[in-house]
Amino acid sequence: MEIRGEDYVITYAESSDTVEFFGTLRLRDSADYKPLNDMLETAHRSAKEMMTLDFRNLQFLNSAGINTISRFVITARTRDTAQLRVLGNNEISWQQKSLLNLQKLWAKVAIEIR
Amino acid sequence: MGESHMMLGAYTEEKAGTHLSDSRLLLDAGDMSRNWRRCSLTADFLARYYSYYFPYREKATDRISRETAENTISYILNELIENTAKYSDAENKDVEVQVSLREKDIVFEVSNHVTAQRADGFIRLARGLLEGNPEELYVAQLEKNTDSSGLGYLTMINDYGVSLGFKADETGDGVFRVTVQATMKWKET
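Top to bottom, those sequences are chains A and B.
Here the first sequence is numbered in this note's numbering, starting from 1 and rising by one per residue.
Here the second sequence is numbered in this note's numbering, starting from 1001 and rising by one per residue.
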């Protein structure tokens, strides 16, 4: 499954329970982010133990996107089935600055920034 | 809204000190709202433009690197510009984006026009941000499960070390020109 826009691609690999982001993701609001939210929830429901969010190739994410990801983390926390693993890239400012905030929402989120 | 002119937070009318560079762009909120990617395009343009003032990572000992400058300027400006595209509900769609590079910091100032009702909301939001604890507000905002207003400002404060100032001026006929000033240090003191 994939979501493709003019500046980004988001892929969901069911075999590895991984959602991977590429490009620049700066959509207007939660309505525009709904397809992403749906994809994340689908992936989390089907994941048994661990779901991975791979941001290493996402250059930019705006605050509306941070909002979408953060609210998904809260949903996953409430459900408390599969755990979340987040992969980040230390060379990309927003990841280095903002990704760790996800742990403030759910301490169990495993974050690896390299 | 009682006041016709109001300033909140770290807003400064006079940007004192030596300016290494000043730029100003005039844009149309309608254009940006019609094609949303224009927000990002504008932010990226100014970010790249100003990144040339900064050295590559290897030489950036007492200041942010070119890569960091471009990334952070783009993030901050994109948030400010997106807000003007989203919230300019007055007939006047003029948006002004100013960037001033000073000896130790860089000031972004973005203004647009809104109705009195929206100006009220703007002032309320600004007060909330300035009076609360930004770290706590960030989490509280997300737990609320709404289209969190102010999340962009909170990421700037918490994650980018930005200080924010807000201004609202009545321009007549119940229209307000609202301005957000975001100041980011680029040099280690």
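Don't read these hints as lab results, they were simulated from the structure.
A few of these clues could be false.
[Stated by the list, open to error] Quick list of the computed label-pair ranges, beta carbon to beta carbon:
(1) B/A1060 - A/M50: 14 to 24 Å
(2) B/Y1052 - A/I111: 25 to 35 Å
(3) B/A1060 - A/T11: 49 to 59 Å
(4) B/K1187 - A/E14: 46 to 56 Å
(5) B/V1139 - A/R85: 18 to 28 Å
Note that the Cβ used here is the ideal one computed from N, Cα and C, for glycine as well.
Against the structure, the hints:
1. The supplied range of 14 to 24 Å is broken by B/A1060 and A/M50, whose beta-carbon atoms lie about 37 Å from each other.
2. In this structure the hint that B/Y1052 and A/I111 lie 25 to 35 Å apart at CB holds, the actual value being about 33 Å.
3. Checked against the given bound of 49 to 59 Å, the beta carbons of B/A1060 and A/T11, roughly 34 Å apart, lie outside it.
4. Between B/K1187 and A/E14 the beta carbons are some 48 Å apart, a value that agrees with the proposed interval 46 to 56 Å.
5. A hinted range of 18 to 28 Å for the beta carbons of B/V1139 and A/R85 is consistent with their spacing of about 21 Å.
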